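Position chain R against the provided structure of chain S, taking the given hints into account.
Residue numbers (my numbering), protein chains in the order written: chain S, 1 to 219; chain R, 1 to 241.
Hints are not guaranteed to be accurate.
In silico negatives: residues of chain R with every beta carbon more than 10 Å from chain S [said to hold, decoys possible]: (1) Thr7; (2) Met19; (3) Asn194.
List time: in silico DMTMM-like cross-link candidates among lysine to aspartate or glutamate, alpha-carbon distance up to 25 Å [unchecked claim]: (4) Lys76(S) to Asp39(S); (5) Lys158(R) to Glu88(S); (6) Lys188(R) to Glu197(S); (7) Lys76(S) to Asp64(R); (8) Lys188(R) to Asp34(S); (9) Lys159(R) to Glu157(S); (10) Lys122(S) to Glu98(R); (11) Lys76(S) to Glu209(R); (12) Lys122(S) to Asp83(R); (13) Lys166(S) to Asp102(R); (14) Lys122(S) to Asp102(R); (15) Lys159(R) to Asp182(S); (16) Lys156(S) to Glu140(R); (17) Lys166(S) to Glu140(R); (18) Lys42(R) to Glu213(R); (19) Lys203(R) to Glu88(S); (20) Lys159(R) to Asp39(S); (21) Lys237(R) to Asp64(S).
Everything labelled a hint here was simulated from the structure, so no lab data went into it.
No experiment lies behind these values; they were computed from the predicted model shown.
Just so you know, even glycine gets a beta-carbon here, dropped at the ideal spot from N, CA and C.
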Amino acid sequence: MADLKERIARRCAKEFEDGDFINLGIGLPTMVADYLPPDIEVTCHSENGFAGIDDVVTDPADLDVDIINSGGVYVKALPRAKFFDTAEGFGLVRGGHVKATVLGAMEVAENGDLANWIVPGKRVAGMGGAMDLCVGCPQVIITMLHTQKGNHKIKKECTLPLTAEKCVTKIITEMAVMEVTDEGIVVTELHPDFTKEEVQEATGVELIWADDLKPYDED
Amino acid sequence: MIDKILTPDEAVAGVEDGMTIMVGGFLATGSPQILMEALVRKGVKHLTVIGNDGGLDAGQPAGDFAAKTARGIGLLLENHMVDHIIASHVGVNPKLNEQFADGSLRYTLVPQGTLAEKCRAAAYGLGGVLTPVGLGTPMETDKDELGRDKIVMEIDGKKWLYERPITADYAFIRPSLADKYGNYMCSKTTRNFNIVMAGAAKKTIIAPERLVEVGETDPDLWQVAGGLVDVIVEGEKRWQI
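Chain S with its partners taken away, still in its complex shape (with noise of 0.2 Å):
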């Protein structure tokens, strides 16, 4: 399953370039940025507080109680950070400047309707940023197992309350890489361990098969 999340984050780690402002949910997509090509400058949006997140802090020598990530973790910022509060962040979110975040799902329809916070009866979290971000954001990259224990979590429409309407504009799993698009689900890239019979019957849409399909680029 490691290698599987794994598999996910250096596939999505590959649809940034130089330059780009971005924002990485927590979890899996917090993977992506151990990923990212060293040499490019890639910005990480912390909605909390900063844009320009690097590392963790293990070393308490690197230690400042006044800088945490939206996870509430003690972490550096890059030398071109700019600290922000909380109406500063969420306006360079909705107002679409920070080009693409990338969050979990817990289902995704063929519309690009997202549902990822909240599921009725269970312990409740909160959307925290989640809906804001997937409004705001251009892209809304989802990176995610393709199934939950094999029930489907690509769906005509989704179930749960959702987080925001078609935002989805991508969507990484285990299996491929698929674009939400006006006609519905094109499937991009195939990974070689997964047949096109495979990745259908996991998927509770029909999808569409691109022209020129790639196999999944994980090197």
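Coordinates of chain R only, in the frame set by chain S:
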């Protein structure tokens, strides 16, 4: 010059059972700990608390840098002083879900950016804000923090969610540095809600980590105008790991 300095206990003397307070901070980073401690000493109950989250419980966050005591709003939760929390995230401090489960605490969730704008609208005289965030979600269909229906507006063919200003009896804020007039700045990620909550409540109380005389520092440092600050409390410490 008017003297705004009070002790922590004097500063919270007017906080009564059932009042609404705003507390700056994000997972307690930037929360005014000495004001939370003063509220605990006062023993006030049935508060409605507006903040990003429920602060931290003792032992959080996991790892080497865990807090030994509850922090920020977590201190109020530990002492069962809160009936209603209005926040964007209630998943970190385990006291929250314990108290939701036993029925002693209820919550209203507001998206983080929207919560900031609701505070800002209250502080800066706006009738509310129009945001695309929350359309098509429970934020559109659920009632707001005061039980009012949400309103969707269509303007020039585009839909927006109308979000009302949010106000409180008190705003409790933790600057890193302030002068005795109340001008202040918050360092790094302690800014969070400590900027937008100033002036959003009937009374704004600050507990700066460092307090200087007026004129002792370059006025260009200040992020928030001292005119928004009613009371200054001394003694807030840098957070110790």
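Here is how each hint holds up against the structure:
1. With 10 Å as the threshold on Cβ separation, the claim that Thr7(R) sits away from chain S holds: the shortest Cβ distance comes to roughly 25 Å.
2. The beta carbon of Met19(R) is kept farther than 10 Å from every beta carbon of chain S, the shortest such distance being approximately 23 Å.
3. Not every C-beta of chain S lies more than 10 Å from that of Asn194(R), the closest at about 7 Å, which undercuts listing it as non-interface.
4. Among the hinted pairs, Lys76(S) with Asp39(S) is consistent with the structure: their alpha-carbon atoms are about 20 Å apart, no more than 25 Å.
5. Simply put, Lys158(R) and Glu88(S) have alpha-carbon atoms about 23 Å apart, close enough for the 25 Å limit, and the pair holds.
6. Proposed proximity of Lys188(R) and Glu197(S) is contradicted: the alpha carbons are some 51 Å apart, above 25 Å.
7. Simply put, Lys76(S) and Asp64(R) have alpha-carbon atoms about 16 Å apart, close enough for the 25 Å limit, and the pair holds.
8. Simply put, Lys188(R) and Asp34(S) have alpha-carbon atoms about 24 Å apart, close enough for the 25 Å limit, and the pair holds.
9. Between Lys159(R) and Glu157(S), the direct Cα distance comes to roughly 22 Å. Compliance with the 25 Å bound is thereby established for this hinted pair.
10. Between the alpha carbons of Lys122(S) and Glu98(R) the distance comes to roughly 13 Å, so the proposed pair stays at or under 25 Å and holds.
11. For the given pair, Lys76(S) sits about 21 Å from Glu209(R) by alpha-carbon distance, which is consistent with the 25 Å threshold.
12. Of the supplied pair hints, the one linking Lys122(S) and Asp83(R) holds, its CA atoms being roughly 20 Å apart against a limit of 25 Å.
13. Taking the CA atoms of Lys166(S) and Asp102(R), the gap is near 37 Å; set against the 25 Å cutoff, the hint is violated.
14. As the CA atoms of Lys122(S) and Asp102(R) are separated by approximately 14 Å, the hinted pair is consistent with the 25 Å bound.
15. Taking the CA atoms of Lys159(R) and Asp182(S), the gap is near 20 Å; set against the 25 Å cutoff, the hint holds.
16. In summary, the hint linking Lys156(S) to Glu140(R) is supported, as the alpha carbons are separated by about 22 Å, within the 25 Å threshold.
17. Restraint check for Lys166(S) and Glu140(R): satisfied, since their Cα atoms lie roughly 16 Å apart, inside the 25 Å limit.
18. Distance check on the hinted pair: Lys42(R) and Glu213(R) sit about 30 Å apart at the alpha-carbon level, beyond 25 Å; violated.
19. For the hint linking Lys203(R) to Glu88(S), the alpha-carbon distance of about 23 Å falls within 25 Å, and the restraint holds.
20. About 42 Å separates the Cα atoms of Lys159(R) and Asp39(S), which puts this hinted pair outside 25 Å; it is violated.
21. Distance check on the hinted pair: Lys237(R) and Asp64(S) sit about 14 Å apart at the alpha-carbon level, within 25 Å; holds.
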